[in-house]
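K.L.:
Listed here are the chains, written in short residue letters.
Number of protein chains: 2
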Amino acid sequence: MNMQNHPFNLAHLLDFAGKYHPTQKVITRRVEDDKIVEHTYKEVLSRAKRLANALIKLGASPGDCIGTIALNTHRHMESWYGISGQGCISHTINPRLSMKQLHYIVNHAEDKFILIDPIFWPIIEGMHSKFPKVEGYIVLTEKENMPKTEVPNVYCYEELLESSTDDYTWPEFDPHQGSSLCYTSGTTGDPKGVMYTHISNLWHAYALSLSDAIAVGAQDTILVVVPLFHANSWGLAYAGPMIGCNLIMPGKRMDGQAIFELIDKYQATTAAGVPTVWTNLLEYADASGRIMESLKDVVVGGSAAPPSMFTRFREKHDIDLIHAWGMTEMSPLGTINRPSGGIMSLPDKDYRRIRRKQGRPIFGVDIKIVNDQGEELPRDGKEVGRLLVKGNWVVHTYFKAEQPAIDGDGWFDTGDMATIDPYGYMEIIDRAKDLIKSGGEWISSVDMENHAMGHEEVSLAAAIAINHDKWGERPLLIVVPKEGHKPSKESLLTHLSSEFSKWQLPDDVIFVEEIPLTATGKFSKLSLREQFKGHFG
Amino acid sequence: MNMQNHPFNLAHLLDFAGKYHPTQKVITRRVEDDKIVEHTYKEVLSRAKRLANALIKLGASPGDCIGTIALNTHRHMESWYGISGQGCISHTINPRLSMKQLHYIVNHAEDKFILIDPIFWPIIEGMHSKFPKVEGYIVLTEKENMPKTEVPNVYCYEELLESSTDDYTWPEFDPHQGSSLCYTSGTTGDPKGVMYTHISNLWHAYALSLSDAIAVGAQDTILVVVPLFHANSWGLAYAGPMIGCNLIMPGKRMDGQAIFELIDKYQATTAAGVPTVWTNLLEYADASGRIMESLKDVVVGGSAAPPSMFTRFREKHDIDLIHAWGMTEMSPLGTINRPSGGIMSLPDKDYRRIRRKQGRPIFGVDIKIVNDQGEELPRDGKEVGRLLVKGNWVVHTYFKAEQPAIDGDGWFDTGDMATIDPYGYMEIIDRAKDLIKSGGEWISSVDMENHAMGHEEVSLAAAIAINHDKWGERPLLIVVPKEGHKPSKESLLTHLSSEFSKWQLPDDVIFVEEIPLTATGKFSKLSLREQFKGHFG
Chain U
1 MNMQNHPFNL AHLLDFAGKY HPTQKVITRR VEDDKIVEHT YKEVLSRAKR
51 LANALIKLGA SPGDCIGTIA LNTHRHMESW YGISGQGCIS HTINPRLSMK
101 QLHYIVNHAE DKFILIDPIF WPIIEGMHSK FPKVEGYIVL TEKENMPKTE
151 VPNVYCYEEL LESSTDDYTW PEFDPHQGSS LCYTSGTTGD PKGVMYTHIS
201 NLWHAYALSL SDAIAVGAQD TILVVVPLFH ANSWGLAYAG PMIGCNLIMP
251 GKRMDGQAIF ELIDKYQATT AAGVPTVWTN LLEYADASGR IMESLKDVVV
301 GGSAAPPSMF TRFREKHDID LIHAWGMTEM SPLGTINRPS GGIMSLPDKD
351 YRRIRRKQGR PIFGVDIKIV NDQGEELPRD GKEVGRLLVK GNWVVHTYFK
401 AEQPAIDGDG WFDTGDMATI DPYGYMEIID RAKDLIKSGG EWISSVDMEN
451 HAMGHEEVSL AAAIAINHDK WGERPLLIVV PKEGHKPSKE SLLTHLSSEF
501 SKWQLPDDVI FVEEIPLTAT GKFSKLSLRE QFKGHFG
Chain Y
1 MNMQNHPFNL AHLLDFAGKY HPTQKVITRR VEDDKIVEHT YKEVLSRAKR
51 LANALIKLGA SPGDCIGTIA LNTHRHMESW YGISGQGCIS HTINPRLSMK
101 QLHYIVNHAE DKFILIDPIF WPIIEGMHSK FPKVEGYIVL TEKENMPKTE
151 VPNVYCYEEL LESSTDDYTW PEFDPHQGSS LCYTSGTTGD PKGVMYTHIS
201 NLWHAYALSL SDAIAVGAQD TILVVVPLFH ANSWGLAYAG PMIGCNLIMP
251 GKRMDGQAIF ELIDKYQATT AAGVPTVWTN LLEYADASGR IMESLKDVVV
301 GGSAAPPSMF TRFREKHDID LIHAWGMTEM SPLGTINRPS GGIMSLPDKD
351 YRRIRRKQGR PIFGVDIKIV NDQGEELPRD GKEVGRLLVK GNWVVHTYFK
401 AEQPAIDGDG WFDTGDMATI DPYGYMEIID RAKDLIKSGG EWISSVDMEN
451 HAMGHEEVSL AAAIAINHDK WGERPLLIVV PKEGHKPSKE SLLTHLSSEF
501 SKWQLPDDVI FVEEIPLTAT GKFSKLSLRE QFKGHFG
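Read top to bottom, the protein sequences are chains U and Y.
Residue numbers 1 to 537, in our numbering, belong to the letters of the first sequence in order.
Residue numbers 1 to 537, in our numbering, belong to the letters of the second sequence in order.
Please keep in mind that the hints were generated in silico from the structure rather than gathered at the bench.
A quick note: this is a predicted structure, and the numbers were derived from the prediction, not measured.
Just so it is clear, CB atoms sit at the ideal spot from N, CA and C, and this is done for glycine as well.
Among the clues, some could well be false.
[What the hints assert, rightly or not] Dumping the calculated DMTMM-like pairs for lysine to aspartate or glutamate here, alpha-carbon to alpha-carbon at most 25 Å: (1) K390(U) <-> D166(Y); (2) K296(Y) <-> D297(U); (3) K489(U) <-> D508(U); (4) K265(U) <-> D286(U); (5) K486(U) <-> D286(U); (6) K368(U) <-> E43(Y); (7) K42(Y) <-> D350(U); (8) K265(U) <-> E490(U); (9) K296(Y) <-> D318(U); (10) K400(U) <-> E383(U); (11) K368(U) <-> E383(Y); (12) K390(U) <-> D174(Y); (13) K437(Y) <-> D380(Y); (14) K42(U) <-> D350(Y); (15) K42(Y) <-> D366(U); (16) K19(U) <-> D350(Y); (17) K42(Y) <-> E383(U); (18) K19(Y) <-> E375(U); (19) K316(Y) <-> E172(Y); (20) K19(U) <-> E499(Y); (21) K252(U) <-> E402(U).
[Said to hold, decoys possible] Covered stretches of chain Y (in silico footprint by chain U; criterion: 3 or more residues with CB under 8 Å from a CB of chain U, positions within the stretch not fixed): (22) 211 to 224; (23) 237 to 246; (24) 253 to 266; (25) 341 to 354; (26) 395 to 402; (27) 459 to 466.
Could you build the full structure based on these sequences and the hints that come with them?
P.N.:
Have a look at this one:
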């Protein structure tokens with residue numbers, strides 16, 4: 001052997017943080033009472049090892065799936081490491097899934113234990129009889145906050161930790177072994193599981209931490225708004241210990257004031273989450289007249305951020321809004337938007353336009369766009385094609401599936417329609433299934449939403465395709481006005497006219513109080529299309 | 001298979017740069033005439049592929065070692081990729097090695113071809129008969145600068161490229177296969193070869209590019225002063241294409257003016273090299289009254305940078321001098337000094353003191369210090385022990401050696417004496433063999449040199465141990481004054497007294513015009529000890 005080749009275990013990340021960044025912290029807003037607590041990496045490491053010992057005592061064996069139904073807290077993060085580090089699979093479950101999906105996922109994964117926040121206990125109370133393979137539940141809280149229940153084999157997390165020691169050495173095994181499992185909550189069909197491996201998460205953590213990705217160092221503090229159950233919190237709970245920065249886990253409060261308070265009190269330098277959270281935050285900042293001084297970057301992904309959001313962060317708060325794009329199937333980092341040398345000399349307008357795209361790949365991921373025949377399309381920033389991706393943190397075969405999820409050359413079809421420009425920047429035009437096909441031409445629902453959300457009286461806007469006898473499909477715009485505002489249909493259409501041709505404008509605008517969201521916080525276009533399906537006759 | 005697992009080939013880094021950063025550049029000061037030329041990554045990729053085809057035509061096969069004797073130019077960098085990318089071994093050879101070492105290395109590696117800068121051709125002219133296994137020489141130049149020679153099988157690099165196409169696909173192979181070879185020029189015994197692998201270089205490139213390491217993005221420009229033959233140019237010629245930043249290759253001119261000109265003309269943001277180059281640069285800047293405005297960071301390694309260098313960069317040029325430490329055996333990154341959360345709240349004096357240390361490990365490397373019995377010593381910043389390292393870009397077994405270079409737990413003994421503080425920052429006290437052992441106590445030659453070089457009339461200073469009848473060893477200080485200055489022995493001793501006890505002061509100070517350097521630019525203490533061995537009787 002020429003160079004050393006020690007097998008990697010995800011828990012080595014936490015070992016490293018405990019040894020080299022022992023005083024850096026994981027800061028949590030508790031789900032029980034919204035109080036804020038702090039734990040050093042040294043403590044988090046010790047607690048993860050205690051959990052590993054406790055799980056072994058309960059009967060966990062390498063290869064077992066262990067579910068978590070929990071928000072972002074130090075306990076949930078400890079669970080990841082305590083579970084994966086001993087060779088089990090940390091299966092993060094989105095608490096907002098439907099009963100049907102939960103039922104499917106827990107049984108498909110064959111979870112042996114489930115770790116759960118006390119606030120989600122009612123889910124188990126109602127469903128435990130449908131989880132025949134689950135041997136026990138661990139409630140992520142202390143004794144006094146344990147639920148009163150008749151369900152058998154319910155354990156208190158803090159009691160388990162107290163009765164265990166941190167005398168534990170992470171075992172060695174093949175780093176290509178599964179470490180963690182996340183199901184995509186597809187809008188059709190059964191959810192599909194992506195089984196990440198120790199090594200795929202490590203590749204991803206390195207790439208994510210680069211200067212052209214999240215760009216954090218050990219002196220930084222990341223506010224992790226993106227849930228630990230949402231594609232590994234975009235990998236931040238792995239990148240944090242790798243880098244040695246502080247992590248803030250915001251618990252259940254996602255309102256602008258609570259988020260602002262965490263940023264301000266702990267001088268967060270970076271924050272990551274979906275657009276809706278940032279909308280709340282910006283509105284709170286506007287209303288209270290406060291400025292986010294410590295934040296340098298806000299990473300936004302999950303859905304496209306509207307152009308106005310970039311301007312608001314930059315002009316009012318001197319914050320660079322960093323657009324990122326990925327999928328559960330990609331661990332999730334696909335592209336992220338940092339400036340490259342090639343665009344620095346462009347006129348400001350063009351530069352800003354490019355900086356609003358979903359970004360370019362970090363080394364380790366390759367992307368291309370193809371036409372319906374699978375032929376690669378030019379990278380000219382104009383041609384729209386189906387986006388395919390490839391790389392060592394991209395899924396090969398869904399959990400327990402018989403066929404690979406990729407083509408013979410290793411490309412995974414994202415289901416998105418996109419352009420790629422000569423500088424390598426990719427822009428999502430729409431989900432392939434959300435594109436509005438009117439009279440043989442395409443209208444991007446994402447573009448329409450983004451422009452509509454730039455209207456000063458609009459809080460949220462969703463554009464969907466409605467069947468139309470003559471044109472096949474026509475766009476319908478569904479709008480949630482800002483509080484206290486009553487925009488008119490005409491003002492919306494006028495506003496959109498600056499960017500859209502007349503034939504692209506929506507045939508109608510409907511004002512509603514809220515737009516239904518999917519379990520991952522995106523507009524549920526399936527529900528909207530169902531609700532308004534006969535709208536144009 | 002859960003996640004994809006494409007085998008990595010170093011040339012994929014250049015593929016990536018050619019595709020996503022096609023207009024970023026490798027800027028070279030030519031060795032032939034010191035003129036500056038620019039090549040885009042797209043061109044560099046095309047040329048590396050042409051070279052691969054040309055080498056195959058000449059008879060290169062996977063696994064062959066191919067030597068390079070060259071300075072930093074785009075051609076040398078292209079060679080790396082053209083050689084390793086096709087499955088051969090890129091063997092970088094330091095042109096400043098002794099004939100004896102060159103003879104040993106070329107034959108030990110069994111180099112099949114040697115690529116060489118025209119300025120080094122005289123080496124081959126004198127030695128080619130001693131290289132029976134070398135089948136041909138490729139001179140890294142164009143036809144008009146080819147040497148006139150009777151040596152058989154001498155090819156012109158540019159002619160080979162012109163007569164080849166870039167129609168070439170890098171082959172797939174096991175990424176644990178060797179990619180590149182570098183011999184340590186040990187001061188005793190035969191040189192030892194470190195065979196890097198494709199995957200070890202990839203791990204290293206990711207780690208090196210992190211925000212707490214070199215921290216560069218695609219909008220940056222790195223001046224690569226550290227030679228491509230010096231531990232892979234610290235990995236910069238891999239990190240550059242991975243990140244997509246511009247690289248500046250300075251050719252043969254290492255004087256302050258030439259280096260300043262490159263920084264200024266191409267607005268370099270980062271530069272990396274050994275202390276002597278930065279001394280020249282700072283002296284030029286002082287003398288010409290110019291400021292390095294574009295540079296944010298200067299990375300210094302190879303030997304310890306004196307404290308005064310940190311102050312001069314920071315106070316005059318607003319540049320953060322980043323201390324790094326590594327070895328050929330470590331690819332080379334061991335530690336690097338960026339601030340961590342724990343030290344940010346320290347008083348400025350303590351903070352600055354820590355920032356001058358060699359730094360802390362990046363995830364992927366672990367370090368510890370041990371006593372003579374191999375027991376780990378506390379990380380208290382005080383205890384001095386032998387520094388051991390471990391990680392997947394650290395050597396396992398030297399090339400063609402029979403025994404591993406590491407102990408049973410995977411630790412490699414660096415031969416350095418060091419401290420590690422509670423924040424994880426390591427400080428090299430000395431090479432174990434350079435420590436001066438006087439009356440049973442240790443005196444650090446490095447400390448003494450650093451303090452001596454803070455004297456305003458001193459350009460360079462080396463401290464060595466001289467045998468002494470009574471004390472075993474006593475320190476001797478050898479000083480090169482700044483041009484036009486004549487410091488006295490007394491002023492040196494007075495200057496040192498502020499930091500050293502009386503018994504630690506050198507018994508004598510000798511003024512010389514130059515200090516002999518090793519092939520890697522460090523003080524040749526072996527020569528100095530030889531030269532002055534009877535100085536104290």
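K.L.:
If a hint holds in the structure, say so; if it does not, say that too.
P.N.:
Now the hints, each set against the structure:
{"no.": "1", "hint": "K390(U) <-> D166(Y)", "verdict": "holds (24 Å)"}
{"no.": "2", "hint": "K296(Y) <-> D297(U)", "verdict": "holds (20 Å)"}
{"no.": "3", "hint": "K489(U) <-> D508(U)", "verdict": "holds (8 Å)"}
{"no.": "4", "hint": "K265(U) <-> D286(U)", "verdict": "holds (18 Å)"}
{"no.": "5", "hint": "K486(U) <-> D286(U)", "verdict": "holds (19 Å)"}
{"no.": "6", "hint": "K368(U) <-> E43(Y)", "verdict": "holds (21 Å)"}
{"no.": "7", "hint": "K42(Y) <-> D350(U)", "verdict": "holds (23 Å)"}
{"no.": "8", "hint": "K265(U) <-> E490(U)", "verdict": "violated (44 Å)"}
{"no.": "9", "hint": "K296(Y) <-> D318(U)", "verdict": "holds (21 Å)"}
{"no.": "10", "hint": "K400(U) <-> E383(U)", "verdict": "violated (36 Å)"}
{"no.": "11", "hint": "K368(U) <-> E383(Y)", "verdict": "violated (55 Å)"}
{"no.": "12", "hint": "K390(U) <-> D174(Y)", "verdict": "holds (19 Å)"}
{"no.": "13", "hint": "K437(Y) <-> D380(Y)", "verdict": "holds (23 Å)"}
{"no.": "14", "hint": "K42(U) <-> D350(Y)", "verdict": "holds (23 Å)"}
{"no.": "15", "hint": "K42(Y) <-> D366(U)", "verdict": "holds (16 Å)"}
{"no.": "16", "hint": "K19(U) <-> D350(Y)", "verdict": "holds (21 Å)"}
{"no.": "17", "hint": "K42(Y) <-> E383(U)", "verdict": "holds (22 Å)"}
{"no.": "18", "hint": "K19(Y) <-> E375(U)", "verdict": "holds (17 Å)"}
{"no.": "19", "hint": "K316(Y) <-> E172(Y)", "verdict": "violated (50 Å)"}
{"no.": "20", "hint": "K19(U) <-> E499(Y)", "verdict": "violated (31 Å)"}
{"no.": "21", "hint": "K252(U) <-> E402(U)", "verdict": "violated (38 Å)"}
{"no.": "22", "hint": "211 to 224", "verdict": "holds (count 9)"}
{"no.": "23", "hint": "237 to 246", "verdict": "holds (count 5)"}
{"no.": "24", "hint": "253 to 266", "verdict": "violated (count 0)"}
{"no.": "25", "hint": "341 to 354", "verdict": "holds (count 3)"}
{"no.": "26", "hint": "395 to 402", "verdict": "holds (count 4)"}
{"no.": "27", "hint": "459 to 466", "verdict": "violated (count 0)"}
Checked against the numbered hints given earlier, this structure breaks hints 8, 10, 11, 19, 20, 21, 24 and 27; the rest are met.
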